[in-house]
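Protein chains: 2
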Amino acid sequence: MITISVTREGEGETRVALSPETTKKFKGLGARVVFQAGAGDRSFLPDRLFAEAGAEIVESAAEAVREADVLLKVGRPSAEELAVLKPSAIVVAMLDPFGARDELEALAAKGVSAFAMEFIPRITRAQSMDVLSSQSNLAGYKAVIDAAAHFGRAFPMMMTAAGTVPAARVFVMGAGVAGLQAIATARRNGAVISATDVRPAAKEQVASLAAKFIAVEDEEFKAAETAGGYAKEMSDEYKKKQAALIASHIAAQDVVITTALIPGRPAPRLVTREMVESMKPGSVIVDLAAERGGNVEGTVPGQIVVHAGVTIMGQTNLAGQVPGNASALYARNLYAFLEPLVDKKEGKLAIKWDDEIIAGTLIAKDGQIVHPRLKGGA
Amino acid sequence: MITISVTREGEGETRVALSPETTKKFKGLGARVVFQAGAGDRSFLPDRLFAEAGAEIVESAAEAVREADVLLKVGRPSAEELAVLKPSAIVVAMLDPFGARDELEALAAKGVSAFAMEFIPRITRAQSMDVLSSQSNLAGYKAVIDAAAHFGRAFPMMMTAAGTVPAARVFVMGAGVAGLQAIATARRNGAVISATDVRPAAKEQVASLAAKFIAVEDEEFKAAETAGGYAKEMSDEYKKKQAALIASHIAAQDVVITTALIPGRPAPRLVTREMVESMKPGSVIVDLAAERGGNVEGTVPGQIVVHAGVTIMGQTNLAGQVPGNASALYARNLYAFLEPLVDKKEGKLAIKWDDEIIAGTLIAKDGQIVHPRLKGGA
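As you go down the protein sequences, you meet chains S and A in turn.
The working numbering numbers the first residue of the first sequence as 1 and each following residue consecutively.
The working numbering numbers the first residue of the second sequence as 379 and each following residue consecutively.
To be clear, the hints were calculated from the coordinates, so they are not data collected in a lab.
In this text, all values refer to a predicted model and were calculated from it rather than measured experimentally.
Accuracy of the hints is not assured; some may be wrong.
The following residues of chain S were derived to be distant from chain A, with all beta-carbon distances above 12 Å [said to hold, decoys possible]:
| id | residue |
| --- | --- |
| 1 | L45 |
| 2 | E56 |
| 3 | A79 |
| 4 | V165 |
| 5 | R269 |
| 6 | N325 |
| 7 | A326 |
| 8 | G360 |
Only pairs whose alpha carbons sit at most 30 Å apart, straight line, appear in this in silico DSS-like list of lysine-lysine [what the hints assert, rightly or not]:
| id | chain 1 | residue 1 | chain 2 | residue 2 |
| --- | --- | --- | --- | --- |
| 9 | S | K280 | A | K403 |
| 10 | S | K24 | A | K658 |
| 11 | A | K405 | A | K743 |
| 12 | S | K222 | S | K239 |
| 13 | A | K743 | S | K27 |
| 14 | A | K488 | A | K617 |
| 15 | A | K619 | S | K280 |
| 16 | S | K365 | S | K352 |
| 17 | S | K25 | A | K658 |
Beta carbons: idealized from backbone N, C-alpha and C, even for Gly.
If we strip away everything but chain S, and leave its shape as in the complex, we get (with noise of 0.2 Å):
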C-alpha cells in the first residue's frame, strides 16, 4: 500500500498540498494518506475535513514524513523532513528550481525522486497538472482586487445624482495566465482596460476580452512567439521602442498590473521609476514578478511601499492570498500528476520515466540532479 504524507509548510505559505477531496480521491486508488495536524489550517480547511475523508491525521511532521512513499508539499521540503524520509520516496513539489542552488543539492542527495511541478509540459495531456497555470489564474485574479482595495477611486463608471463617476483606467503588461484574469477581473469591475504583451498571439486573447492591446508592432513582435508559449526576450531596439509607447501609455493609467516572467531568469524590468512618477498620485502598480525581482523599479519583494504617491505592491504569493482556491486546485493538480503512477492492482508506484511529463518535471533522482535544463548550471 502507497502512503501519501502532506505536512505542514512553512512560515510565508498559506497553501497545502492536499484537500478532503484529493484525500477521498487518493483512499479510492486505495492509498494511505497521512496528514499532519494543521496543514491546511491556513487554508481554512480543519483537520476534521481531512479525517471525514480518510486521512490518519497525525502531530509532527516526522511521523508524517517517516513512512512515506509520496511526499506532497508546495514548496521544498525541510531540512527536518529530509532528514526522515526514506531514499525510496517521491517527492513531489513546487520546488522552485531555478531557486537556491544548494538546497537542491541537499534534496537531490537524499537520494529521492523528486519532481518540479513548475516544470510541467505545456501539452493537452498535462493540463490539470499546470500548477503555474492554477497558480496564476489566481494570483491574478487577486492582483486586481488588491489593487481595487488600494486604490483611492473606484473601478467602475457610476452614474449617480451627483454626477458621474469615471471609469479606472487599467493596464496589464503580460497577457499570460495571470494577466487575462487580471484582465477578466478589471473587466468585471467595469473598468477601462488596456494590455500589453510581446507575444503577438496575445493580442487575439487581449482583444476577445474587450481589451486594447498596446504594442509596436514591428517584425521582431510578430516572430516573436516561442513554441513553448512563453515569452522569450526581446532585442534592446524592440525593447527601447516599446518602452516609450508604454511610458506615455502608462502616464494615463490609474491602476498597473505587471506580470512578465522568464523562465529561470531575473524579471524583465518593466517599468522605470520615471514611469512610475509620471502616474498621478494615488495610482496603484501591482508587481506580480516581485518574487524574480519585479517588473517595476521601486517594487520591493513582500512589501507595499508607495513612491510618489504611486502604491507599489510586490506581495510575493498572491495565489496563496487565496488559499482556499489555491489549495484545492493546487491538490488537484497533483493528484493528476500522481494518478496515473499508481499501479492500483498491486498498490504500488509504477513509474514510467521516459514519460514526457515525468523526464520533462523530474529533477532529482539516484542523488544526481537530472534534468537538462538545470545540470549545466551548477
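Take the given structure of chain S and dock chain A to it, following the hints.
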C-alpha cells in the same frame, strides 16, 4: 463678494469639501475661494489643481477661515476654526447632528448658521445634494472590494483546467443605497448574492439586481415601509422570527455585509456572536454600521478583527477610503446646496429660511440649536 473657505480635515478624514471642479463653479458664481494648502492631499488632489481652478491657497486654517462667509467642511469645524469664524458666516458640513452634543452647542454658541448635510430631505429637488446617498454608494462599493481582498477565496466561479472554483456566497443585510451598491459590486465580481431588508419595497430592488430576497414576509413586514424611505424599527416578535431565518441563512454564507442604520439611534444588532461562529473559517463580515455601534456582535469600530476564523471588518469611514471619488461627489453635493443660496447680482448670500431644504438642514442659528429633531435632546 462671497468668500468660500475650505480647510484641512481632522486626522481620520481623507476627504475634502472642495474639488477643482467645484472651485471653478464657485468662481463662476462670482465667489472668492480660499483653500488651505494640503487640504486635498489625502484625496490625491494637489494644491496646484485648486490654484489652476482659481482658488487662493493659504497656509493656515485660520487664514482660510477668518474671512469666510461660507465655511465648507466634511466633518465639524475644529475649535481653532470656530475661534476665528465670523458669527455672520454659514457652516455647511456633515455635522454629525446626533453625535457629541457639547460640540454642537459650542458651534451654535458661536452664532453662525450651521447646516447639517445629513439632514438633506429626501425630495427630488434635493437629490443632487444628498451626501448620505453619494457617500453610502461608495461605501457599499468599497465594502465588497475590501471583503474580496480579505476573503480567502475568489468571488467568481472559474472554470479551469484543474476543475471549477465555486462562486462565493454574499449576503447583504439592508438594501438602502449602500446595500444596493454592495449587491451590484458583488454581482459584478461574480458572487451568488442574497439580501434582506425590513422594507417590502426593497424586495423588488434586490430582485432587479438578480439577488435573492431573504425575509419573513408577514403582515408587519408589509406594513413596515415608512414615508421617509428609511427603515423603522420592527417589533421584537418580528425580529425573533427574522433572526431565526437569518441565522440559518448566514451559516451558509461566505461574506456578509451589514448596512442597517436608524437615524439618531444606535445601529440595530443583526448578527449575533452565535451567527458569526456558525460561519466557515475564512469567511468575512463587513459592518458598515460600525460607527454607530455595529450591526454585528464583535465588531470593533475602526478595526479588523478575527473571531473564530471569521474576519469582522469595522472600518468607520469606507467612503473615505475611495477619497478621490468621495471628495468629488461630496463637493458636488455642497455646490448643489449652495448654488441656490447665492444672489449672483448682488454677490452675496440670499437664504430663504423657510425653504424646505434650508429648514430641514439648519441646525443652529443666532446662538441656538434650532432643528426640531435636536431641540428635545439636550
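Determine which of the earlier numbered hints do not hold for this structure and return their numbers in increasing order. Violated hints: 1, 4, 6, 7, 13, 14, 15; rest satisfied.
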